[in-house]
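Novice: Build out the structure end to end from the sequences listed, making use of the hints.
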Amino acid sequence: MRERSRNTVCLGAALIVGTVLIIGLAGLFVVDAGSTTPPPAEFDDTVPVGLTLEDERGLDEDVALPQAQVFYSQYQYVVGYYGVETFLGERQQAGHEQQFGHPLTVYVSDYSDTGLELSAEGYPIPEQEPGWTDAETAWFVVDSDAQTPAGDTVVPFSEREDAEAFAGDHGGSVSDWESVLEQSFDQDDATVARDRVDDHHQVADDRIEAVDSYAERPPSIVAGEETETIQEAIDQAPANTTVVVPAGTYEETLEIDRPITLVGEGEVTIRGDDNGTVITVTGEDVGIQNLAVTGVGNQTKGGEDLPVDIDEDEWDATFMTYYAGTDAGIGAYGADNLLVNDVEIETPASGVIGYDSTDAVVRNVSVRGPEDPSDGLAGILLFQSSSVVEDSAVQGGKNGIYLYRSSNTILRSNEVTGNEIGVHLMHTSDTLIDGNELRGHLVSGVDVMTGPERNAIVENDVRNSETGFSIGGSETYVASNVAADNELGLRVETTTSFYEGNVLAGNVVGTDVRAMLPTNRVVGNDFVENDEHATTTSGPLRIWSDGESGNYWQGGAAIAGDADGTHADRSYSPTDAVDERLHRTDGAQTLVRAPALQALAGLEGSVPGMRTGSIVDQAPTCEPNNPELLDRTDWAESAWSCADTPTSTND
Amino acid sequence: MSDENRTQAQAQTQAQSRETTSTSTDSTNTSTGTSSTNTSTNTNTNTNTSTTTHPRTKHILKTIIARELRTVARTRTFYVLALAIAAVVLGVAWTGGGIRAGYVPTAVDLLTPLELLVPVVAVAFGYRAVLADEQRGELDVLETYPVSNRSIVLGVYVGRLIGLLVAIVVPLVLVAVAVAVAEEDRILIYASHAGVDSPLLFARFVVLTALFAMTVLAVAIAISAAVSATRGALALAVVALVVLLVGLDLLLVYGFTSGLIGDGALVHSLALSPLSAFRGLVFDTVVVVAAGTGPTVASPLASLFGLVGWTVGSLALASWLLNR
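Protein chains in written order, with the UniProt record's numbering: chain Y, 1 to 651; chain V, 1 to 324.
Just to be clear, a hint being listed does not mean it is correct.
As the list claims (entries may be wrong) - Here's a subset of chain V near chain Y, in silico, CB distances under 10 Å, partners left out:
hint : residue
1    : ALA86
2    : VAL88
3    : VAL92
4    : THR95
5    : GLY97
6    : ARG100
7    : VAL104
8    : VAL108
9    : LEU111
10   : LEU116
11   : TYR190
12   : LEU201
13   : GLY262
14   : ASP263
15   : VAL267
16   : VAL289
Stated by the list, open to error - Okay, the calculated bits of chain V under chain Y, using three or more residues with CB under 8 Å as the criterion:
hint : region
17   : 191-200
18   : 203-213
Said to hold, decoys possible - Derived CB-CB ranges, DEER-like:
hint : chain 1 : residue 1 : chain 2 : residue 2 : range
19   : V       : GLY91     : Y       : HIS201    : 50 to 58 Å
20   : Y       : ASP32     : V       : TRP94     : 28 to 36 Å
21   : Y       : ASP531    : V       : PRO295    : 40 to 48 Å
22   : Y       : ASP391    : V       : PRO295    : 31 to 39 Å
23   : V       : PRO295    : Y       : GLU117    : 45 to 53 Å
What the hints contain is simulated information worked out from the structure, not anything from laboratory work.
Quick caveat, the model's predicted, so the values are computed rather than measured.
For each residue, glycine too, the CB sits at the ideal point set by N, CA and C.
Specialist: Below you can see the structure in the form of structure tokens.
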């Protein structure tokens with residue numbers, strides 16, 4: 001009996017333990033894995049999206065733009081969006097959820113009780129810094145007068161009355177989160193830059209056409225014959241006439257403040273006094289043609305004032321004066337519609353400096369800077385000047401062509417050689433860089449800094465440089481470029497940008513990805529004969545294919561193709577320890593087919609946001625996508641297709 | 001080989017001479033039991049149907065489980081097997097980069113390898129479990145006690161299962177610890193958070209893997225009960241593995257493409273294959289939680305029933321086979 005009761009106790013205990021165990025295990029499946037709500041982060045600590053550095057710096061202190069910060073289910077960094085609509089637009093982009101997972105928590109700026117007003121531009125100016133509120137319970141004013149530098153913005157409030165009061169004052173309608181999520185917010189992507197390439201060429205043609213007539217201006221004075229100096233001729237010439245300079249060398253510095261054309265006849269050299277700028281232009285509609293300029297001063301920084309009035313309140317007024325006020329062969333200040341054509345400049349500082357000279361045209365200009373690329377400033381240096389630079393050549397000096405806040409500029413068919421940076425963009429958006437040839441740059445061929453938007457960089461060719469292309473910013477279109485024989489072909493720092501049809505061949509590293517956000521589209525590019533095709537140090541897994549569109553990776557083109565023979569039958573990860581050596585090491589093709597690795601590769605692309613520092617192409621192509629571009633390099637022979645048995649590439 | 005057989009035979013003789021439920025060495029290799037110990041099974045009509053929990057029956061059940069555990073503990077091959085699993089699991093987690101990335105990526109990396117590995121290991125653990133008893137005559141001994149065949153099957157199953165679960169769960173827990181320790185340092189300049197990546201999801205994965213192991217072990221026990229010779233057991237085990245690993249899924253594919261399984265039924269039909277049921281459950285409860293919305297990947301209830309059904313069915317089949 002006693003044994004029986006002991007048994008009953010045992011049985012009972014076992015039952016209880018078993019039940020608890022089963023409930024516990026089942027509980028694992030009931031608990032919501034994403035239920036913990038993290039506290040809001042400091043916005044400065046988030047990965048920022050939606051505002052260029054230029055716009056950010058240009059904002060007044062008291063402006064507080066609406067912000068959102070999003071905690072995604074499979075992206076380990078908090079993403080900070082300027083403008084709630086930026087987040088709403090981004091989440092509608094293709095592949096967004098695949099890369100980031102779903103938003104677990106969204107915080108938005110809370111303008112309740114902040115005494116919110118709008119500035120003249122419509123920027124929100126609260127009396128107190130807005131806090132954060134959970135988007136789920138917030139109220140949003142849509143289509144009001146409120147703006148960010150990017151356009152219309154949604155203004156969030158934690159209290160409904162505050163939202164309604166704001167809508168009463170500034171227009172718009174009040175919505176809750178659910179209905180805001182359902183509205184569509186247009187988000188620019190790189191298609192804007194892509195589709196505008198032709199338009200940009202048209203803009204350039206129009207600008208050139210506008211200054212074409214300068215050559216037809218009637219000659220009024222022949223310098224040196226009718227006057228003693230060229231400067232006298234310039235000062236006497238009536239507007240819209242041509243000052244002719246006969247062949248010879250003239251030792252003087254010039255200042256042009258009127259709409260005339262200065263034309264050399266035969267070999268004309270203007271020699272400055274090795275002190276300051278040789279030709280200073282301060283008027284509109286000036287043409288300078290067929291001259292050589294030399295004897296430029298050697299000041300490359302520390303400019304103190306400019307020949308024109310500047311807005312001292314601009315956030316970068318000091319910076320611009322510091323550089324724009326330095327020595328150049330031709331210095332143009334407030335010289336809209338300037339034409340510099342067929343001019344040769346030899347300079348220890350800069351060749352052409354343009355400041356606030358809209359629609360300037362620089363054509364067939366050749367600048368020879370200092371041999372040492374760490375000397376000098378720039379071959380062509382443009383500040384706040386939307387211009388055209390074409391068919392020009394720059395050799396030597398720190399920068400080849402340097403654009404500073406010169407949006408809507410077109411750089412095409414230039415040859416830039418032997419600088420630290422060939423083409424250098426600072427705070428410059430909406431610009432086209434097309435068909436330039438860049439060689440031997442100490443730092444980089446094309447360098448886009450400070451997070452601008454919607455630039456297009458197409459059909460350029462960079463060789464023998466430390467870095468071919470270093471591209472920052474967002475919504476940027478990078479296509480049909482060649483980067484060959486560089487230490488690094490392409491550095492990707494952009495977000496929401498397209499990289500299409502580029503050839504990266506014979507570089508030590510083909511592409512290095514630095515961008516934290518995996519929102520670039522990288523397809524149709526060719527990676528041939530790089531020691532490493534692609535590397536990445538941080539951020540999540542990037543998927544560099546889109547459905548059937550992938551890239552060509554020498555080595556990724558496997559032993560077997562798919563049924564059509566257009567794609568390799570396995571995905572390729574240039575950051576994988578075995579895959580990255582497929583094109584370098586004999587036998588790696590066999591190793592990679594091991595069932596163990598195949599089993600691993602099967603689900604490689606899932607939960608990309610949770611993986612670290614890697615790239616995968618799920619549709620690598622069998623043949624190079626851009627054979628003509630590849631033929632221009634020395635490495636076309638190295639590109640094998642799927643059917644070929646890969647041979648050692650060292651011969 | 002012959003040495004090993006002799007040792008085994010000696011051990012068996014000793015075991016029989018003691019006439020108790022004794023420990024025995026078991027081997028997962030292909031050595032055939034000596035014919036001297038292979039007494040034919042007398043299908044004694046077992047009067048005790050054990051409908052009530054008789055203490056003695058329970059005691060015997062406990063004894064059988066304990067004996068199985070001792071068998072597992074004393075068999076070196078099982079250790080080798082367990083070490084092999086551990087090595088593969090840790091190796092896969094490391095090679096795939098999951099350990100540095102987080103719990104969910106690790107689970108995803110391990111999913112396919114475990115789908116293949118767990119059935120192989122489970123069959124290795126179980127395909128001779130009942131057969132060996134029979135070959136040594138221990139079944140006859142057991143049957144002199146008032147214990148049902150169901151209890152024998154259950155006892156053998158539970159005993160082996162404990163061993164198998166230790167071999168599978170321990171390496172997975174080690175992997176989880178490795179993830180916790182090795183998870184890559186985040187870039188400090190940005191605010192970071194774990195997202196939904198949590199040990200909880202990995203725990204789900206471990207539980208599901210254990211459930212999967214339970215299922216395939218039950219299949220292995222059924223194989224063991226179905227044959228009377230080691231060679232036959234091995235052959236049948238291989239056939240069963242092929243059916244499990246490839247056949248059932250191919251059958252699903254055939255059914256799906258030929259239209260036998262309608263579009264609406266596929267998600268439920270997946271439960272018919274233990275592999276697909278397991279995969280579906282992992283997708284549904286671990287991966288999709290992180291990845292977001294999309295088409296439904298599995299019917300969790302159907303899959304769960306599928307796994308439990310295979311387990312119960314196999315064990316029932318095993319006891320029925322012993323009753324023959």
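Novice: For each hint, tell me whether it holds in the structure or not.
Specialist: Against the structure, the hints come out as follows:
no., hint, in the structure
1, ALA86, "violated (15 Å)"
2, VAL88, "holds (8 Å)"
3, VAL92, "holds (6 Å)"
4, THR95, "holds (6 Å)"
5, GLY97, "holds (7 Å)"
6, ARG100, "holds (6 Å)"
7, VAL104, "holds (5 Å)"
8, VAL108, "holds (5 Å)"
9, LEU111, "holds (6 Å)"
10, LEU116, "holds (7 Å)"
11, TYR190, "holds (5 Å)"
12, LEU201, "holds (5 Å)"
13, GLY262, "violated (27 Å)"
14, ASP263, "violated (22 Å)"
15, VAL267, "violated (18 Å)"
16, VAL289, "holds (5 Å)"
17, 191-200, "holds (count 9)"
18, 203-213, "holds (count 3)"
19, V:GLY91 <-> Y:HIS201: 50 to 58 Å, "holds (56 Å)"
20, Y:ASP32 <-> V:TRP94: 28 to 36 Å, "holds (30 Å)"
21, Y:ASP531 <-> V:PRO295: 40 to 48 Å, "holds (41 Å)"
22, Y:ASP391 <-> V:PRO295: 31 to 39 Å, "violated (55 Å)"
23, V:PRO295 <-> Y:GLU117: 45 to 53 Å, "holds (48 Å)"
The structure shown violates the earlier hints numbered 1, 13, 14, 15 and 22.
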